[in-house]
Every structure is written in C-alpha cells, then in structure tokens.
Amino acid sequence: MPIQLAMARVPSMSWVMPPKVSDPRPAPRAKLERSPGILDTRGTVLGLRLQIGLALAVAFAVAFGILAATSLTLGRRDRARVRAAEAEALAATLAQAVDGAEDPVRTFDELAPAALRGGVHGMELDGPRTHVARGTTRLGKEVRVPLPGDPETVVALWLAPSEPRAGSGSLFVLYVAVTGLLILLLTYVALTFLIVRPLQAVTSASGRVADGRTEIEVPARGAGEVRALARSFNAMAGQVRADREQLEARLAELEATTAELAQAEDQVLRSARLASVGRLAAGIAHEIGNPLTAVVGLVELARDDDMDPAERDELLERTIREAERIQRIIRDLLDFARPAPEDEEGVALAAVVDDAVRLVAPQQDTSRIRIERRVAEVPPVRGSADRLKQVVLNLLLNAIDAVDGEGEVVVELEEREGAVVLAVSDDGPGIAPEVRDQLFEPFVTTKAVGRGTGLGLAVCHTIVERLGGRLSASDAEGGGARFEMLLPAAGENHAPRS
1 MPIQLAMARV
11 PSMSWVMPPK
21 VSDPRPAPRA
31 KLERSPGILD
41 TRGTVLGLRL
51 QIGLALAVAF
61 AVAFGILAAT
71 SLTLGRRDRA
81 RVRAAEAEAL
91 AATLAQAVDG
101 AEDPVRTFDE
111 LAPAALRGGV
121 HGMELDGPRT
131 HVARGTTRLG
141 KEVRVPLPGD
151 PETVVALWLA
161 PSEPRAGSGS
171 LFVLYVAVTG
181 LLILLLTYVA
191 LTFLIVRPLQ
201 AVTSASGRVA
211 DGRTEIEVPA
221 RGAGEVRALA
231 RSFNAMAGQV
241 RADREQLEAR
251 LAELEATTAE
261 LAQAEDQVLR
271 SARLASVGRL
281 AAGIAHEIGN
291 PLTAVVGLVE
301 LARDDDMDPA
311 ERDELLERTI
321 REAERIQRII
331 RDLLDFARPA
341 PEDEEGVALA
351 AVVDDAVRLV
361 APQQDTSRIR
371 IERRVAEVPP
381 VRGSADRLKQ
391 VVLNLLLNAI
401 DAVDGEGEVV
411 VELEEREGAV
421 VLAVSDDGPG
431 IAPEVRDQLF
441 EPFVTTKAVG
451 RGTGLGLAVC
461 HTIVERLGGR
471 LSASDAEGGG
481 ARFEMLLPAA
491 GENHAPRS
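Following my numbering, the numbering of the sequence shown begins with 1 at its first residue and continues without gaps.
What the hints contain is simulated information worked out from the structure, not anything from laboratory work.
Check each hint, because a few of them may be wrong.
Stated by the list, open to error - Distance windows between CB atoms, simulated:
(1) Ile320 <-> Ser472: 44 to 54 Å
(2) Ala55 <-> Ile216: 54 to 64 Å
(3) Ala61 <-> Ser232: 29 to 39 Å
(4) Tyr175 <-> Ala235: 42 to 52 Å
(5) Arg221 <-> Ala80: 49 to 59 Å
The beta carbon of each residue, even a glycine, is placed where N, CA and C say it ideally should be.
Could you build the full structure based on these sequences and the hints that come with them?
Here it is as structure tokens:
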C-alpha cells in the first residue's frame, strides 16, 4: 500500500545527553611524572656538594694566592730596607774611621775587605782631593755618608741586588697552602652538615612526593633557613596529601555519577526505542490479523480428505506465502527492536531509509498516506546504522501522526557541501508556535495524552549531535513541517557547516 509518513509535530527539545560512557569502571589513576630537570640531580648537572667544593677551592686559590704574593712582596721590601739601614750604618762607621786617620786612603783600603761583604759589592771614597774605588761601583743601590770633618768628601757603598734566600719562599707558600686546605676542609664539612645534607633530604622527599608518596616528613635540621625550608615543605606535603585525598574522593563521586548518567542515557534511548516499537507493534497487529485469518481458513480447507491433491497443494502454497508475510513483518520489527553493534564506519543512508519505510508500511493508519522518496546518489556517512534507523523511523512516525491519517510525506536524500542531508517533510498543520523554541527538549509534545512521551525528537537530536551532525526543524514549503538531518560524509573529520 502506498505509505506516506507525516512527521508528527512532536515538540522535541534541545536536549544534550551526557557523553556515552562505554565502561563505567573507574579509570586508572594517572601517576604524577617526575620532571627530570627539577628533581633529578643525576646527569651532567653538578651536585650541590661539588659546586660548594669548587666554589671554596676557587675562593681559596684567589684569596690565598693574593695573600702569598702580597706577603712575599712585603718581605722583600722589608729585607731591602734592613739592608739599606745596615749599609748606611756601615758607611757612617767607615766615614768616621777615614775622617780621623792620618792616611785616609790607606785606612779606606784596609777596611775595604771587611766592608765588601754582606751584600756590599762596591765602595768609594770621593772628595775634592781624594778619589778611591774598590769593588763594583755604580751598580745597585747607593748609600752615601759624608765625612764628619770634611762634608765635601763622602763614603759611598753600592749594594748588590738581593737574592731570595733558598727555601724561604717555598716554605711560606707551603704554610699558606696547608693552612688554606685545612680551612677549606673545615668549611666544606660545616656546609655539608648545615646545608647540603638537609637540602638533599628535602630534594629526596620532593622526588617521593612527585611519585605519589605523600606520607613523608623531612626532619628540620641544619641552618635556620634550611630548617624553615624543611618546615615549609612538610606543611606543603601535608596540604598536597589532604588535597589529593579530597580529589580522589571527588573523582570517585564523579565516576559514580558518570556511570549513573551513562545508565540513565541508555535507559532513555531504550525507552525511546521501545516507544517506537510499541507504536509499530500497534499497527503491525492489525496487519498480521488478515494473513493469520487466511492461514487458519486455508488450513481448515486443506484438512478436507476429499480435496483434490493438486488443489490441496495450492492451498498449502498460499498458506506458506501468508506465513512468510507474517514472518517478514515480525522479523523487521525484531531487527529494529534488537540493538545492533555500534559501528562508526560508513553507513549507506539510502538503505537506512528503505528499512525505516518498510517498518512503517504495515501500519493500519497509513492506507491514505503517500510516502514519496527522492533519494539521490550520496556517499556513506559516519555513524551507527542502528542509531540512524531509529532517528529516521522516529521522524517518519512523527510525520505520519502529523498528517492525521491522510496526506503526503516526502523523504529527500542529497549531498550538500561535503555533508549528507536527509529531510522528512509533511503537509500537516506545521510546528506549533508555542513549542517551536523547545522542540528538541525532553518531555515537550503536542500529542494527546498517552500517544507520545516527548522523548522522540530529544533522543534524535542527541544521537545526531553525537555523530557530529545537526538536526533542525522548519516550516515546509506549502505548509507542514520539515526536519533536516545533516551528517558528515564518511572520511570527513569536521562537522557539517551551517
């Protein structure tokens, strides 16, 4: 029979269901990963001990190097001043001896061997009437002392350049080095106990906290700042532990709530499916009645023993055809009622439309409804054939209810800008203004009490959105309502454009 479906203006509502949760079991806790650049002191980064040791060694080398150089320089200067003072005293003694002698030159020569020692390598008696030189003169530091009785005549001594005493500088440097190393060692040990070890304890505890082991406390010891750091870390670890316990409790609540929402969603989808099954079953019951009556009558006739065998065979053949008709109707209904495995691969929407139309064909109230199919060549869509059949069937049943037993329902299928568009329109009264804005919200319906739950379009809207598509409603040309479903073609990763 020509079946036409007019979409019942079922006020559906924009209803967003919770995301599908396939496994309500709690997901495994994500483990905090340690950041190797923060807590892991292994690798090429120098440890605190080594850094302190290097810093102390550099400071020791600079400080004690300067000290050693300064001390050696000052020592040489002091020795030079002492030699100059000694030479000046020697020159004064020579001047005194020469000044009182009867023969100054002879006295000068007699004293020269004794004077040319102790760093004096040249001496000279220089005056207007006398000039005597012994040793190397005019080289080195000069000391001049005039004669007490003859100021114009002077005794001059020349000092040889001073040579450092063998081993004196090395001994001093060794002393400085040993002293510095002892100070360096004591400083290193003190810093290790006061700073390094307490900081290592905090670092190790931080690593354990990063691994999720928050039941830890660092002893507060060492320098004052390190003690304060340990106390702050313990307070932080305690807060992290408390926050983690709260988060775990909250996560458990959210997981339980998510599982409940998933179950509620499944129940809503199942209820909508069962409502459609009930609506189909009511019409199918009438459609099955006629072939059942025919089967009973044919079987009664076939029981006549006097019937010709050829005639009996014909009756049995007709009985089989009527039974197969009943079986086909029931099988289509069961196929729809039995959820198929979820399949997100390509679905031929034209085949889905054919299945949906075949399901509504046996309805007793479709005898004066004409269903026109305008199906173009379209690519497969991403989604579930079972879910899409539920959407198309619901739209067809709504259209049939809208035309109220007589009218036309048009099903169109076309490709538009990378999307596949399925439209179901009818020539019924159209969408009521009072429910237009809430059309896809749950429990909104204009059907009589007992004829609709108000869930059909809400469930359809949710299914289409979950598949990355869009379901919209508008007024059809020439009156009635038009519902459009846009779905991405298989292989497209974006939602259909508006």
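Here's how the hints hold up against the structure:
1. For Ile320 and Ser472, the hinted distance range of 44 to 54 Å is satisfied, since their beta carbons lie about 47 Å from each other.
2. At about 30 Å, the CB distance of Ala55 to Ile216 disagrees with the hint of 54 to 64 Å.
3. Here the CB-CB span from Ala61 to Ser232 is close to 36 Å, well matched to the stated 29 to 39 Å.
4. Judged by the Cβ atoms, the range 42 to 52 Å given for Tyr175 and Ala235 holds: they are separated by roughly 50 Å.
5. For the pair Arg221 and Ala80, the beta carbons lie near 55 Å from each other, so the given range of 49 to 59 Å is met.
Consistency with the previously given hints fails for number 2 only.
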